[in-house]
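Since the structure of chain Y is already known, use the hints to place chains C, A and V with the ligands on it.
If you read the sequences in order, they're chains Y, C, A and V.
The first sequence runs 4 to 396 under this note's numbering.
The second sequence runs 82 to 361 under this note's numbering.
The third sequence runs 50 to 475 under this note's numbering.
The fourth sequence runs 164 to 604 under this note's numbering.
All the pointers check out, no bait thrown in.
Listed below are the simulated DSBU-like cross-link pairs for lysine-lysine, each with C-alpha atoms no more than 30 angstroms apart in a straight line:
id: 1; chain 1: A; residue 1: 118; chain 2: C; residue 2: 247
id: 2; chain 1: V; residue 1: 409; chain 2: A; residue 2: 260
id: 3; chain 1: C; residue 1: 320; chain 2: C; residue 2: 247
id: 4; chain 1: Y; residue 1: 331; chain 2: Y; residue 2: 288
id: 5; chain 1: C; residue 1: 320; chain 2: A; residue 2: 118
id: 6; chain 1: C; residue 1: 351; chain 2: Y; residue 2: 243
id: 7; chain 1: Y; residue 1: 394; chain 2: A; residue 2: 129
id: 8; chain 1: C; residue 1: 324; chain 2: A; residue 2: 129
id: 9; chain 1: V; residue 1: 409; chain 2: C; residue 2: 247
id: 10; chain 1: A; residue 1: 319; chain 2: A; residue 2: 260
id: 11; chain 1: A; residue 1: 216; chain 2: A; residue 2: 229
id: 12; chain 1: Y; residue 1: 327; chain 2: Y; residue 2: 394
id: 13; chain 1: A; residue 1: 119; chain 2: C; residue 2: 324
By construction, these hints were calculated from the structure, which means they are not laboratory data.
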Amino acid sequence: MEAPVITAPAPVAPIVERCEALLNDLTFETVRQWKENHPGKKAIGWLPVWAPRELILAAGMLPVGVMGASDRLEIVKGDAYYQSYICHLPRSVLELGLNGSLDVLDGVLFPSTCDVIRNLSGMWRILFPQKYVRYVDVPQNPAMSLGGRFFAEDLRAIAAELGEVSGTPVTHESLRAAFAVCNANRRAVHDLYALRVAKPWCVPSAELYLLVRAGALLPVEEHTALIREYMQLAEASAAKPMDMARVTVRGCFCEQPPLDLIRTIERSGCWIMDDDWLIAWRWFKEDLPLEGDPFENMARVFVTDSPACPTMHLAHGVKGAALKAEIKNTGSEGVLFMAPSFCDPALLDQPMIQAAIEKAGIPWSALLYAENTGQFQVIREQAGTFADALKLS
Amino acid sequence: MTRQITCGIDVGSSAVKCVLLEDGEGARRVLAKVTERLRHRNVTEVAAIVRDRALAEAGLSAEDLAYVASTGEGEQVHFRTGHFFGMTTHARGAVELVPAARACLDVGALHTRAIVFDERGRVLSHRMTSQCASGSGQFLENIGRYLGVALEEIGSLSCSSSKPEKCSSICAVLAETDVINMVSRGLAVEDILCGIHQSMAGRFMKLLQSAGATGTVAITGGLASDTGLLRALREEGAKQGAKVELVAHADAIHAGALGAALWGGHRLRKLASMGVAAVQ
Amino acid sequence: MNTTVMKDRSQERQKRMLADYFKRLAVSRENGWKNVYTFVPGNLTELILSFDLLPVLPEINALQSGMRKKSGAFIQEAEKAGHSEDVCAYVKSDLGMLRGGNIGPTGEPLPSPDLLLLSYTGCFTFMKWFEILREETGAPTLMLHVPFQGEGRVTREMRDYVIRQLKTEVIPALEKLSGKAYDESRLAEMLARSRAMEDDLVHVLESAKRKPSPIDGYFAAVYYIGPIFSAFRGTEDAQHYYRELREEVDARIAQGIGPMTPDGPMPPEKFRLVVEGPPAWTHFNELWRMFHAEGAVIVASTYTKVGGVYDDGFRHDPSDPLGTLADYCLGCYTNRSMQDRVNMIARYVKDYDADGFMINSVKSCNSFSAGQLLILREVERLTGRPGGFFESDLVDPRYFSAANIKNRVESYLQMLDQRRTGGASA
Amino acid sequence: MKCFVGIDLGSTTTKSVVLDAEGRVIGRGITNSRSNYEVACDVARREAFHSVRFALCARALEERQMDALVRTALMDSLTRGFRLAQHRAQLAALRECLTEDATQVESFHAGRDIKGPVAEIIVEMEALAEPLFSAGATLKSDFFRDIAASQYAAGAKKRSCPERRPFEALLSVFDKAILRTENRILEPDFATGAGRAIEVALAEALLSEQNAEAIRSTLREAFNVPLDVIDSAGTGYGRARLPFEKRQIRSEILCHGLGAHHMFPNTRTVLDIGGQDTKAIQVDEAGLVRMFQMNDRCAAGCGRYLGYIADEMNLGLHELGPLAQQSKAPVKINSTCTVFAGAEIRDRLTLGQKREDILAGLHRAVMLRAMSLLARSGGIHDEFTFTGGVARNETAVSVLRKLVAQNYGERTLNISTDSIYTGALGAALFALRDAPAEVAA
Ligand SMILES: Nc1ncnc2c1ncn2[C@@H]1O[C@H](COP(=O)(O)OP(=O)(O)O)[C@@H](O)[C@H]1O
Ligand SMILES: Nc1ncnc2c1ncn2[C@@H]1O[C@H](COP(=O)(O)OP(=O)(O)O)[C@@H](O)[C@H]1O
Ligand code: SF4
Ligand code: SF4
Ligand code: SF4
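Isolated chain Y (complex conformation) (with noise of 0.2 angstroms):
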């Protein structure tokens, strides 16, 4: 059945507006501005899934979340360098590059995604020479005493070199500081899904997306408050409850779905409870401690809190046993994957997460998209006919 167009609270109306102007400066308008306020700070990107931005921060700079340019954006040159087989992210992030409107930024961190992220950090260097790029293996061996260690010692180095590039040196209280500035963000997020768990029709999905996605260019204390004044509004905001299925989506932790994709779900009838676009904002569950070697504890928390993500290698049966606890915790009936095309990790993880909540009988179904699909009645019909589906079990 179809379902009622979802109108937005008027009292919260300005912080959307905002937040989605946001996801649409693809020219990073906002950052130049930061820039420009700030005379002397630099700023650095990262890419999906995680990246270390506290260490951007304790080095004084500006971290900018590139996450790639929605459907808003032609893409010429980036195609260029792509088969058609490569998923659509790299694409639009080496359009950005290349028309110049990551020029603003100082500098890239890649984090080891998958093949694609890591080969276009090796494009990158050879693209752009004169910026600052670097590579972040993030450890796949998850004993603290080998992978742990190894990327204690690389955050290390990273940190060094960001120094090197703002002229301000990351020390473990400058590093802290910016711990308790990210512990400060995440909470705020994990408070804001809750609220969408507790009350959906408060806090329609696209909003809630939104709302996190203007992280990726805001400075993190303008982000975080931004988030806890919505919140406000939205708790007190007079929308109706509304009954609707309750789904998780998962498999858009990297390439994300366009803003209209998240509506057209819910506008079929699904209430997205939990998700993992935008994951990096959520990656740990505990806060980031403020004593002892900061590195080491980044580390160890990397090592033991990081989300059951399709780009970790996880011991046996911990994905679908992590996904069946959020489904339990957040009291979805259901799941919809949602995998960018093209995508390997989240489409080669797929079928064992499948497996595992089938198991446990939990209904799902799946598609694909691209971030820049503009075509939506296939994926109304999916996301309609399970929504019914649910709804008529």
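Same frame as chain Y, but now just chains C, A and V with the ligands:
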């Protein structure tokens, strides 16, 4: 309650289908079923045409309809009462036509879906072909046009083939050129068609199996009447050792419209029980 | 195709080695022999063999399935099990084979894995692949994380990290599985043999610098790398193989003859090319024919370096067994930075005096393919020689469009021809 | 007269160019490609030779120092008359096939009336023939197939009724018949066609008796100049199936490069958008290819895409561009998958978007893909030449012009009305250049 008449309209990408259903107390009865192919015509117009034809066939008028349920690309049916999603209606229609079926394969003009459902026609799981449009009805239709073969003949021609020629292209556009190439190499029309059916069948069986279909599977959608595809599907199923029995009901093309009419009736009763009248 | 193909001694030996190997695998359960599944890039064959464990390389099985035209059905099987059309077909071919009873390429059964040694070198899909096998078979995975040369070099920390993993996790696990203690002298002995065969292999591959080239450095060379990249590095058999191969190639050089193809001797060398990217195994001979029929010989390729880059001087070093294994893992082709890959191809074009280079971009492999179009541009810029580009897949036959590829290869060769002769006749 | 022929057997159209011994283009012919390659090739070549003869006529008249206006009018009515004769011959063949197929289809659909309406439609089509070729009329398409199809469909729509005369069944008669008509070699003998055309043209030109006689003999003479084909070369998608030796077969890349160089000697970059291939080619100052890139396996965004769109909107290919030009607010379209094009358009139309805006968006999407391919091949250098069928589409051209300026700055963009013949021209040049000495002598 007296006579309750519901209308299901299935707007596909190549044709609009309409079913009128009498669905009150007592037995259900199909009063009329009509299909009209779009062929460059305005959808909204064709939707009205099929409804009017169906009404005429049943000797009724628009006021007699208690609920008009659209499905498929139903936004374009301005006179609808409500809309249901395509797989929801195909599942319901399939179980109505073939009561033993617990799955159906809906082969339409652009997409093919494998749907698994329960005894009441509620969807349990489904799979769809990917965004690439190869191996769909539209493709077969284009090829038919190239070969000068009418849709209705495709099936029997294909069945007469003894040495099918494999067609491997994934893209429908390139496949078309492949086919032209085959003709120029002097291959027989029936062998080409059969080869296409076989490659479609391979994809579709895969779809069915990955959706978890077993037992009786109803074929719905326009291509259900394509005996060549049916044969290829059965052969492919046997080859793969799939535990499915394929059934194509004569009214299979109307499964979506029928399902919509049925869900419409269901909804109407629910609304009535809540004391609300369906508003148009 | 009907031409009788003369089989060289080395070729016979390789065939026998493979047959023996698969036979051993087939009867390993009865005999209580344990196996270790692992990947070609960064494989620890000597280490595994030093514990008398049998290495199994799913990539090799997948490529064999491709060559024997079985991969198509396997892939379908995996897709039926819910795997996407979009992902690496090696994984799907392997999974399909496993689901069909794990009957190997020779028709003999393969043992299911006792240990999945995840040498995570240069490809993320490796992680998923063994997670999937772990799901299917219940065998444990053991992660050997080899950091990527993102900055274009190997740091002390990277090397130490790999050695530490070898010491504290890999060796203990192999000891436990085999019931044998780690024997460094035995390992060193094998590494010394590896070193010798590496010398021979480099000699053979570099023979293509001659004009005309006595070998095809891609289509034929993928056979030459078979033993050393898979389960045989460090064995006596393989050492003999490479010695024989070297002698045969030397003999060919002495006689001044060019490469042998499945269709018989190659026509006179007309074009010299470098190729980047893996071959399309399902249509291997067909693809080769598109080149050799036009007199195009491949003088060097990057694919023949996936299991170890030896022509830039690296050799296994028996005096530092674990250190050398770490260096080996870190130095594999797919673990190298984009700039390194560009430089390597450009160097080949120059050193082997190639007329140009072609990229076979395979849909399966993001590790190879993502960025190849930049490689194309950069190598052209560095060498001034034109590059060509075509697309296929390793083992998914649906992605091999013969007409399409032929059109591109032919156009490319005609262009080279025109550039060479064009000035005169235009 | 010595001639050299180039044939480009493309996936949508087959083109032919005839050169004289000096390398001047003296004739061009085009037809739609079809399942019988030999016929397609044959028709294109004949068309090219017809155009040679018309060119010879024009030249002969010019030599007679005839008044330019009169001469143009005469040539115009001569060609129209000839085309009409050709059209009628094809209609006659189609009539035969339609009649047979109608009988067959009717027996298949028991109790339906098929033959009746089909017969009526043929009569209607025959009546429409003359006005199609009247002075000043423009054709919806160059190809008989397209013209006949759209006339037939209109006739069938009028006459169909679901029970008695199903629209589908009526159309299927045509689908069968046109296929057979097309694959038949139909050459009404040229002399008769031309002879009749000459008479009509002379009558229309209102010349004096004696003047007319002189012109008649001039024209007849021109028509009868013997044309000796010295050598031929072929290219295009179907080149491997052309009845030529291997040395006469050239890759499309080389032909487009050479052809473009011949038309515009300063060309350095060539873009060719054909039916299912897009190619970006870099050439040097001698027309030799330095580098090229072709689209990948996916046929999205190639010429056929526009063909499907035209079909879907029931427009001729010629009409797409002009309609798109009227757009004020193009919509943004991301997917250029040919197969889904139709569905997408219907969807957008029902969303209330305007036809011209959708079309403008589609054209932009197609050209964006081409821009990527150009970037892949090494960018756009001066001068830049656009060839292939899509270069006939003015919206495609103007979008390209804008995109080039945006991305590369000022570049000379060469487009010729004959750009669809570039590949065939290149092939003909190869034939001229490489003809073995003993044949050319
Ligand atoms: N008798 C027939 N034989 C073969 N194919 C047919 C026949 N009738 C219809 N079709 C095919 O069915 C398709 C339409 O199926 P349908 O289920 O109505 O699709 P949609 O709902 O997408 O419009 C057409 O593309 C046509 O090719
Ligand atoms: N008169 C025209 N106006 C606009 N577009 C045209 C015209 N003629 C051909 N085209 C376009 O050109 C395409 C065919 O181009 P062509 O170069 O002949 O391709 P091919 O060589 O592959 O057959 C058609 O698909 C159509 O989109
Ligand atoms: S979308 Fe998937 S494949 Fe693409 S860059 Fe992201 S993780 Fe890699
Ligand atoms: S054009 Fe062909 S290959 Fe490309 S997306 Fe469409 S159907 Fe697929
Ligand atoms: S992605 Fe490439 S390297 Fe990785 S497993 Fe597949 S083919 Fe091998």
